[in-house]
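K.L.:
Below, each chain spelled out in residue letters.
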Amino acid sequence: MDMVSMGLLAAMGALATIAGASEDLESDVGSQSNPNSQVQLAAQVGHTHRIYNKAISGEPPSNALYAALAAVTASVLMSDAYGMNAFFSIAVGSLVAAVFNGILSMTSYMGRNTSQARFNQYVYLDVLRSHTTTIMAHAYITAFCVVAISYIMTAPWLPIQHPFPLPVIAFTWGIALGAIGSSTGDVHYGAEREFQQYPFGAGLNAANSGDIVTKGEAGLRSSIDNAWFCAKFGGPVTGLAFGLIVFLDNWRTTIFDPATQGWYAIATGVLIVVLLNVYNRILEVRSKKRYGPYPEYAGDIKA
Amino acid sequence: MSVAAGGGESKIDKTKLTMYGLGGGILGIYLAHVLNMITGTGYFSFLAGLGAIAAIVMGADAVRRVCAYGIGTGVPSIGMMAMGMGLVAAWFGLAVAGIAGPIIGIAIAMGFGYFVGMLANKIIKMNIPVMEEVLMSLGGAGAVVIIALSVVVSGQIGYEDMLNDVVLTGFIAVVFIAGALAILQPFNANLGPDETQDRTLVHAVSTGGLAMFAAGIGSLITVGVGGAVLTMLIAAAIWLKAFLWYFKLVKRDSAGVVGTGLLAEGGL
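As you go down the protein sequences, you meet chains A and B in turn.
Note that the working numbering has the first sequence beginning at 1, numbered continuously upward.
Note that the working numbering has the second sequence beginning at 1001, numbered continuously upward.
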């Protein structure tokens, strides 16, 4: 393990942390993934709203698209035929991805709200203008970081030299990032921010589906308010999760040469998973002991 | 599963859509191949892109039909499944059948879809009446889209060349995911009790334009600048036309498209 590999590893971890945070905030501004069904239901249970509602499939496929598209554009520009510098190629690729994101977001917002016409849900053009650009900006950062990680893994002049082509690596990281954003950060928005009128940490009771907060501190709540809230915890924690995954996964193949010490790398991976599981279990038990059952909890209900 | 996935009545018949989707797709693929071969250029690759759009419209309608049974969060999954079936069958067809590869691939994908649908209904007992027929359409649409977008990138049908231009360059990633999103996004974005078929299908044309544009970017280093730029320009024009048409339909169908304002009656 040389100093260059260690430095690249640190850079990848840092890029992944930024990508995770921006990906989660991007999905929060647009209420993508699981908080989306609550926004979708809100109008149906009588709460029309001015919240951005984009459903570009789940987060994993949509982020796979942005990452793969940015990577394809970057690898075309970087090829011998065009010979553009890697940094600028990735920047242009991310721009293309952000534009695709903006287009898909706009049509989702318009389509979903239009399909709630019988519940008097309007399509607000000012929401579209102000939020789409915010979403695109976050998507740009995400795509740039993911493609940069993939480039570090595949570039012929850097030590890792992964055998897969750049777009395929970016595609895979895009899916991983979307899955982590969906499972880690969305809880903060979907279960807490949308249901702020219920006790903190109470989870989502099925009977409260769609009963989301649609009013802000002053006036009506906008999705940019939601990004502001999620930037305090949900976004950073997603970044930390994705950063750790990229860092730890590459760390084990950096300290052990995959060609000659493959089994050590695999064993280290298994050890990390076991340790994290034990840590999670301890955390769960301690939280339950410290904070106890919710005030209204009255024991298990017999079937 | 989201409540009230919805889906209004179908004005355009599914048989007609399937016919146009498969026919248009196969015609586009072969025309692009033959005209590129005859002229020795890559200028006609865009024809395969047009074929892909036809198949995307057919696929989007199939997603719409099956998802009207209340599959909400399953919309992306079913799109991925379509492309998965299409990908395996399409590349198998191309590998074994040479110039007849696309037709063999599409036929296998449709058989594959029918079989998966039968498993879903008979073994898992989902009991969705249209499952077999819809998965057959989706498998076919997936295969056409994969082959057509791959032909946009490589400019011709030839297993070796397609492998070099599409798979080894990694462009298959964007062919797969842009094609999948183009099929699943139209219904997913318009899901709700007041969804209408024409709005969803016009949206499918616009996402098809985007997928064609994405494949066009890849073709910049495979078929050459002329053919790639032509593909991208035509894709952008199709997208723009479809997007404006879609916006018109949004204005027709929605409770109101307003510049700004408070909530409608009953919201406050």
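Bear in mind the hints are in silico, worked out from the structure with no lab data behind them.
From the three backbone atoms N, C-alpha and C, an ideal C-beta is built for every residue, glycine too.
Incorrect hints may have been included.
[What the hints assert, rightly or not] In silico EDC-like pairs for lysine to aspartate or glutamate, Cα to Cα no more than 20 Å straight-line:
(1) 1016/B with 1160/B
(2) 232/A with 257/A
(3) 1125/B with 1161/B
(4) 215/A with 249/A
(5) 215/A with 1133/B
(6) 1248/B with 192/A
(7) 1251/B with 192/A
(8) 1122/B with 1133/B
(9) 215/A with 80/A
[Said to hold, decoys possible] Just the calculated beta-carbon pair ranges, DEER-fashion:
(10) 273/A with 1070/B: 51 to 57 Å
(11) 200/A with 1248/B: 42 to 48 Å
(12) 1248/B with 217/A: 36 to 42 Å
(13) 1241/B with 10/A: 33 to 39 Å
(14) 290/A with 1262/B: 55 to 61 Å
(15) 159/A with 1236/B: 37 to 43 Å
(16) 80/A with 1236/B: 37 to 43 Å
(17) 3/A with 1261/B: 36 to 42 Å
(18) 207/A with 1241/B: 42 to 48 Å
(19) 1124/B with 273/A: 52 to 58 Å
(20) 278/A with 1260/B: 49 to 55 Å
K.L.:
Among the hints numbered above, which are violated by the structure, and what are their numbers in rising order?
P.N.:
1, 2, 3, 4, 5, 6, 7, 9, 10, 13, 14, 16, 17, 19
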